[in-house]
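Peer 1: So the protein lines, in turn, are chains A and B.
3 is the number of the first residue of the first sequence in the numbering used here; add one for each residue after it.
3 is the number of the first residue of the second sequence in the numbering used here; add one for each residue after it.
Careful, some of the hints might be misleading.
The list treats identical chains as interchangeable, and a pair is accepted whether it falls inside one copy or across any two copies.
[As the list claims (entries may be wrong)] Pairs of lysine to aspartate or glutamate residues, derived as EDC-like cross-links and limited to a Cα-Cα distance of at most 16 Å, are as follows:
#1 189 with 141
#2 88 with 277
#3 321 with 73
#4 89 with 277
#5 4 with 129
#6 89 with 315
No wet-lab data here; the hints were simulated from the structure.
Now for the letters of each chain:
Number of protein chains: 2
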Amino acid sequence: MKFTISRTAFTKALNTVSRAISTKTTIPILTGLKLQATQSGLILTGSDADISIETTIKTENPDNLLAIESEGAIVLPARFFTDIVKKLPEETLTISVGENFQTLITSGQSSFTINGLDANNYPHLPEIETTNSIPLAGDLLKQIISQTVIAVSTQESRPILTGVHFILSENNFLAVATDSHRLSQRKVTLETPINGSFDFVIPGKSLTELSRMIEDNKKDIVLSITENQALFTIGDTLFYSRLLEGNYPDTSRLIPDTHDTRISFDAPDLLASIERASLLSHESRNNVVKITVKPETKTVTIYGNSPDVGNVEEDMKPKTAEGNELEISFNPDYMKDALRSFSQATINIDFTSSLRPFTLTPTEDSDSFVQLITPIRTF
Amino acid sequence: MKFTISRTAFTKALNTVSRAISTKTTIPILTGLKLQATQSGLILTGSDADISIETTIKTENPDNLLAIESEGAIVLPARFFTDIVKKLPEETLTISVGENFQTLITSGQSSFTINGLDANNYPHLPEIETTNSIPLAGDLLKQIISQTVIAVSTQESRPILTGVHFILSENNFLAVATDSHRLSQRKVTLETPINGSFDFVIPGKSLTELSRMIEDNKKDIVLSITENQALFTIGDTLFYSRLLEGNYPDTSRLIPDTHDTRISFDAPDLLASIERASLLSHESRNNVVKITVKPETKTVTIYGNSPDVGNVEEDMKPKTAEGNELEISFNPDYMKDALRSFSQATINIDFTSSLRPFTLTPTEDSDSFVQLITPIRTF
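Extracted from the complex, chain A is given alone in its bound form:
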């Protein structure tokens, strides 16, 4: 195997596949990255067994300055090799594999010889037929991920809750996550109906990595699903994630459809106030913030307290306030995550009682997105 390539193009591709490579893997060869030179391009692969990323630098793109002198494959130590490529002196570099997988990297007057591994020992990526493929807009997918992944459980006691549950059929796209203290659900109506129906759970960690790979230029993404794998195709890059096994609990009945008290706020205003209150609650053993709602006087008071340090109280003017008086306590970190997911929007917060979950929804299009938070009993 021997090829010459643009350092800029190569570095970009190395950064992409490095996202999947962990130094903490139990399978030693997965600390490496696989390079495969073919006449049509150079294929880079990284994997941590849960996620695999494969990207191709194509010969046909002249910017890549890619010249394949001989085909072949090698596995090189990922972090170390990437550091070398970043520090090479010239704009192009040449890689050639010699005997015993010894790999020579040259650029200008600099020449590195590093020990590679046999690419035949690198695990094969899952084979996924892309007949059942679902096109998705990149920016929308990124938004759906950021809105739901916050409610994913970080505890391994119920593994299924560490993922986001997707339910797709016809024009309906639903994503929901819950850690049993809070829930986040996003609904989207697809422009083109899909063939068949899908019900699967993708690990939250995979989605977070995927989200970081989606650039803001709204590239179209294609999703393909098999029994135990999801494949997202983003241009010349393939992102594989395993699916979580097991049945996701039925969350459809958790969201209340009535309310006794409703207030509305611009999300950033309430967020700033909750952030101030949480400064105090974080100093306390129980991380609790209390709000009282008085629709009659249209006041909402936010209250945080730490016996050691002090307390904070803030009167807010909601945009609207209706229904019963209410006093309710909750974890302010859940509230902050939820409020941030609405960005600049105006939201409704609907309560039934002090001990029942409450919901946050956008005032416009309230059916498309709901955040649910379970209160904390303080008496």
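Starting from the known structure of chain A, fit chain B onto it as the hints suggest.
Peer 2: Below, chain B without anything else, positioned relative to chain A:
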């Protein structure tokens, strides 16, 4: 005590004094910051016993929006109080101290009550007469610190070596540091001769903090020295550091005054090559990079090696090369620190033999600055 103040001005001053405040102190009151309101201004103080910083927000500057309603002093939990001020909703805030040192912070509709401490229990800052004061240009002082502090020892086995040694008399300003493996010495000729002579050692950590406080706008700084304290006056801010006790070793005879081999390089070119070689040496148990100098062919070869991972070799063309052939090994991290301290300059590297310390000096004005590195014996 009660006052109203601009949040912007207050936050800036809080950030300044917070540099001196450590959460790891053994003296509980030093985790706090002291506020003292006087008619002429608000004085903030932070200290970790080694370093103390005092800054004054003056009433006379209208930008500070400072209105002192009643004088007094209080100590407040530093990190927590600073977090609160940063998150307050309005551009001004009011602080008033009530009974039992309970302190009320209000801004807009937000009101915090936090527990303060009696300011009478806060340690007094050292009293330093500023008759023996030495004016210094801020940018020059910052440069001197960055060039010498790299060679300060990080080991507490010889405490005196954890500081930078300053020797001042008449027009001569000398700063030198060594950890016994390397040495860095900077000489400056002062425009105005100083009264008397000074010989003192300031902890490297203090100088690093001081350097971060000096803004790039070349503000003039005044240095005052007593038997055990240094005081740097930077505008409205006072920076105190304790001095290290003990005799600094005589370093004047360590710097060789002859050489048998000399090469010259633009510092950034050699730095890039050493960085590449150190990628390999860092993977090895002994972190060693070797260079060979062949003045006859005007080549310098840089070589790094790790038995597990591989090796790197790079031929460099020095700007000049004269004297004997030479092969020498050294810690590349020392070399990188030294090369960075020359910024973009062209430097001479002077060697006597493989086992003798070598020096780096700027080609122009070589007497003003020298970096010395002890080689590593590899045979």
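Peer 1: So, for every hint listed, does it hold in this structure?
Peer 2: Consistency of the hints with the structure:
no., hint, result
1, 189 with 141, "within (15 Å within a copy, 58 Å between copies)"
2, 88 with 277, "between (40 Å within a copy, 11 Å between copies)"
3, 321 with 73, "neither (66 Å within a copy, 40 Å between copies)"
4, 89 with 277, "between (42 Å within a copy, 8 Å between copies)"
5, 4 with 129, "neither (27 Å within a copy, 71 Å between copies)"
6, 89 with 315, "between (53 Å within a copy, 14 Å between copies)"
Going through the hint list in order, the structure does not satisfy hints 3 and 5.
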